[in-house]
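K.L.:
Chain residues, written in single-letter form:
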Amino acid sequence: MDMAMIAVWVRIDEERIVQALQEAEEKLDGVEGEVALDFSSVRRIDAVALSALEVFVDIADDKGVKVLLRGVNVGVYKVLKLVKLASRFCFVN
Amino acid sequence: MATSEVVQERIQISLAGESLSEERIAYLERLVSQARSAAAVFTQFTQEDVDRIVKAMALAGLDQAQHLARLAVEETKLGVMEDKVIKNMVATEFVYNYIKDKRTVGIIREFPERNLVEVADPIGVIFSITPITNPTSTVLFKCIMAIKTRNAVIFSPHPNAWRCCSEAVKIMYETALKHGAPKGVFACLESHTLQDNAYLMRHKDVGLIDATGGPGAVKAAYSSGKPALGVGPGNTPVYLEKTADVNTAVTDIILSKTFDNGTICASEQTAVIDDEIYDFVLKKFAELGAHICNEKETRLLARTVIDPETGFMQPMAVGQKAADIARLAGLSVKAGTKLLIAPIHGVGREHPLSVEKLFPVLAVYRAKSVDEALKVCVDVNHAGGLGHTAVIFSRDDEVIRKFGELMNAGRILVNSPGSVGAVGGVYNDLAPTFSFGCGTGGGNSTTDNVNIYHYLNIKRVARRTQAHMWFRVPNQIYFNLNAVENVRQFPSLSTIIITNPALEKFGHVDIVRRYLPEGTHVHVSVIPDAEPEIKVVMQGVEALNFYKADQIIALGGGSVIDAAKIMKLKYESPDADLEELAAPFLDLRKRVVQYPTEKTNRARLIAISTTSGTGSEVTPFAVLTDKGRARKVTLADYSLTPDVAIVDPQFVMSMPKGLTADTGIDCLTHALEAAVSSYASAYTDCNAMQAIRMAFKYLPIAYENPRDEEARLMMHNAACIAAMAFANASVGVNHALAHAFGARFGVAHGRANALILPHVIAYNASVPTKFLPSPYQKGYIAHKKYATIADLLGLGGHTIDEKVKNLVAATEQLLDQLAFPRSIAELGISKEEFERAMPELTKLAFDDPSWRSNPRMPLMSELADLFWKAYHGRGPARAGVTEQQTPLQKGA
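Chains A and B are the protein sequences, given in the same order.
If you read the first sequence in the numbering used here, its first letter stands for residue 1, the second for the next number, and so on.
If you read the second sequence in the numbering used here, its first letter stands for residue 94, the second for the next number, and so on.
One thing to keep in mind: the hints can contain errors.
Partial list, computed: chain B residues near chain A (C-beta under 7 Å) [said to hold, decoys possible]:
#1 134
#2 275
#3 276
Residues from chain A that keep clear of chain B, each with C-beta distances beyond 10 Å, as calculated [as the list claims (entries may be wrong)]:
#4 16
#5 28
#6 29
#7 36
#8 41
#9 57
#10 67
#11 88
In silico DSS-like cross-links for lysine-lysine, where the CA-CA straight-line distance does not exceed 25 Å [what the hints assert, rightly or not]:
#12 683/B to 863/B
#13 276/B to 84/A
#14 297/B to 552/B
#15 297/B to 84/A
#16 193/B to 552/B
#17 84/A to 552/B
#18 297/B to 81/A
#19 297/B to 319/B
#20 276/B to 81/A
#21 552/B to 81/A
#22 78/A to 297/B
#23 78/A to 319/B
#24 431/B to 414/B
#25 335/B to 495/B
#26 377/B to 389/B
#27 552/B to 78/A
Simulated from the structure, these hints should not be mistaken for laboratory data.
Note that the Cβ used here is the ideal one computed from N, Cα and C, for glycine as well.
Using the sequences plus the hints, can you model the full thing?
P.N.:
Pasting the structure below:
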């Protein structure tokens, strides 16, 4: 994808990951290419947030939108690997 | 806690049973998915996080101990409510106390002296089967262990203990959640089937099965292909040896056997009692509330509580009170009877009560001797209790030791009750548990009390260790002209001088004699001027024994000194097996065969070298010729190193040119190989480099002008200095090839070295096909070392490659100057003959320990290739130095 447009850039706050994802979800319509979620302030992720993230990536997939996670720390990255979600995202530092 | 499952349900998990419905599979998948997610989230938790949750759970368990105990008894109809409260408290308080300060997150142990760090990793999802006998306590225990180790657990309780277990899981889960544990960390299967268990046991996301259940469940767990912890059945023998404190023993056994009505599978099943105390013990039992059955009562009891078909205990008796069991059997016992004691006369099917009985019935056996008692204990142990628990009451340490050796049991408890003792943490320092590993005897993977460490993957971060190195040479080295005078310092009553005929003829022996202290009895043993054979060595040993020598002076070249080293070895340690001592090894310090340290005689070895090459006067090596097998045997051990070395050039002034060249090239080869050895160190490098400089400069002079005293002195010292290097850094593939070739074709060692040397430099300087493991060096550096040597010799060159080529060329030039034949073909060995010998040559060279420190690990094909290069002759490169003399020879 040569000219991927980042139409949505959402900063994820550790305290309200689920809400942030819901807000991002609302913005998925009309997005072309990629949506970037900034996880740089997320120190830990819990099971509820994991479920929400899985739902979000399902919806994004359906809409043909690639989900980009930015600034994911290695602890959270390992969690995503363990639940086999990591392969569904692109990671940027 | 496992065996009553046998009688309760006769679990036989059939993996080929009915298939699960789609709904059921979806349900199970949901449980696993939640647990997997929780386990993943859990990986982010710190030690402080989990410790906080664990503490809250322990407190919640203690708070609910009575409630859960009551539920358990009501539902299972087994055991004693009050005892189950104790179990629940042990499962929380004692377990907490045991684990509270233990690290289970991140680095859990450090071994700085070993450069090792252990790092804990959780397993992930654990599928856990819990029993009917200890239902709630097992759940509490496993929940606390799981949180401490950051794992998620899916519980599958025994069907007849589901309600109490699911309540225990609920209490633990809610407490854990409240204190921050991940959602989904615990789940309890709703009413389940064996197919559910089978499905979960084989689920790809389940990391471990912890099966505290009957043998069927354990077997299914181990058959699932998953890592599993299982427990085994018990049949605990308790030996009351005649020195036992009977009061303690009887009290403990009653306590143990009646605890929760005997449902703990570690409880005593058969008491084997020494004849001397038998009557007293039974009297004590009776006094404390036991009923001693007569023969008729024993028969009735056996008929009631043991299934005559299977030989196992009857389910209806498990966990029942003694009085109730007596009533069932038709026995008349006093109210409040705690325990039924049934005398038996053997172990096995014809003695029904010798099996496991998870109720308050204890078989007793009267033993006429310790030997008989131990045999009966072994019989009981093997009658269904392998790997589990055994108990002894004794004050005799020897009997206790013997019992410990004989019993096949993960827990061998001394002077303490079986059931409560095996649980751990109460009567001893065993890890508190509700899962007893029974080792391979019980079909388990561990003999441990299952604990937190079984719920962890323990990773070991092993840092590269700084291998210890050494620099070992004789205590005293005397060098320069007339250094031989120093022999006068060493008092001796009986000295044997080992030498060869030529040296005796030259008067060298007389020179040595002149300086020996007055009163020294001297015997001269003249040996042939050739590499020593075993026959020659043994003749020398005979002389040493005959003269009761306390000092050996080896006056000669490498052959004489090597012979003296081996004579000393055999003289001091007559049983030393030379063939065995020559066994191959990879690392001197880890070799299988150790040199003898026990010595029947002692003798000082003074080595006076009369050639300037082998350096045997300072090395721990000795080469023995095995003429029968046309090979050389290399002995290597620092115990072979002479005590004193004398490097006096007066003994080499008359060396003929050929010998000067041969030995001089041997010296140079030692230094070059030591310099690039994988054992090289700064300590050996300085010696190797200096010896190389001296050899390149003075060898041609000593060769051309044998009477040149300075050149002779320098070469004599160079040989010793090179030997100090290779005595500690060893040599390399050049020597391996030369040993094989020299032995097979009868070519002098130095000459054999010379034929190979340029090819080996080029070989070692090129990128190895295979690297040899070497903890002593960081990376492959041989080519750089050669370049450094080239710089040292002032050979020129800009790149490493150029410098190496120049070194090869300089070596070739030196060999030419010394008039060495430059190919094996020049020795008159036909190509056909050499080809025929090649398999044997390569085998001998590969077996030779010399190359173990070579910077390249030689392949057999590479050894053959080097042999062929030497056969055809001339080095692979002659670039760089083209002058007739190297700069050093010019005096640079």
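K.L.:
Verify this label for me: residue 16/A is non-interface relative to chain B, using a Cβ-Cβ cutoff of 10 Å.
P.N.:
Per Cβ check, residue 16/A is outside 10 Å of chain B; nearest 17 Å; holds.
K.L.:
With 7 Å as the cut and Cβ atoms as the points, is residue 134/B at the interface with chain A?
P.N.:
With a minimum Cβ separation of about 5 Å from chain A (threshold 7 Å), the hint on residue 134/B holds.
K.L.:
Mind checking the alpha carbons of residue 552/B and residue 81/A for me, to see if they're no more than 25 Å apart?
P.N.:
With Cα atoms ~19 Å apart, residue 552/B and residue 81/A stay inside 25 Å; holds.
K.L.:
Test the statement that residue 88/A is away from the interface with chain B: the closest C-beta pair must be farther apart than 10 Å.
P.N.:
The claim holds: residue 88/A sits with its nearest Cβ about 14 Å from chain B, beyond 10 Å.
K.L.:
A cut-off of 10 Å on Cβ-Cβ distance, and residue 57/A was said to be off the interface with chain B. Does that hold?
P.N.:
15 Å, holds
K.L.:
Given the hint that residue 683/B pairs with residue 863/B, test it: the Cα-Cα distance must not exceed 25 Å.
P.N.:
22 Å, holds
K.L.:
Compare the distance between the alpha carbons of residue 276/B and residue 84/A with 25 Å, and conclude whether the hinted pair is satisfied.
P.N.:
18 Å, holds
K.L.:
Take a quick look at residue 29/A and tell me if its Cβ sits farther than 10 Å from every Cβ on chain B, holds or violated.
P.N.:
Given a closest Cβ separation of 28 Å, the condition holds.
K.L.:
According to the definition I'm using, a residue is off the interface if its beta carbon is farther than 10 Å from all beta carbons of the partner; does residue 28/A meet that for chain B?
P.N.:
23 Å, holds
K.L.:
When you check the alpha-carbon spacing of residue 78/A and residue 319/B, does it fall within 25 Å?
P.N.:
23 Å, holds
K.L.:
Does residue 552/B sit within 25 Å of residue 297/B, going by the straight-line distance between their CA atoms?
P.N.:
Between residue 297/B and residue 552/B the Cα gap is close to 22 Å, so the pair holds against 25 Å.
K.L.:
Would you check whether the claim that residue 36/A is not at the interface survives, using Cβ distances to chain B and the 10 Å cut-off?
P.N.:
23 Å, holds
When held up to the earlier numbered hints, the structure conflicts with none and fits them all.
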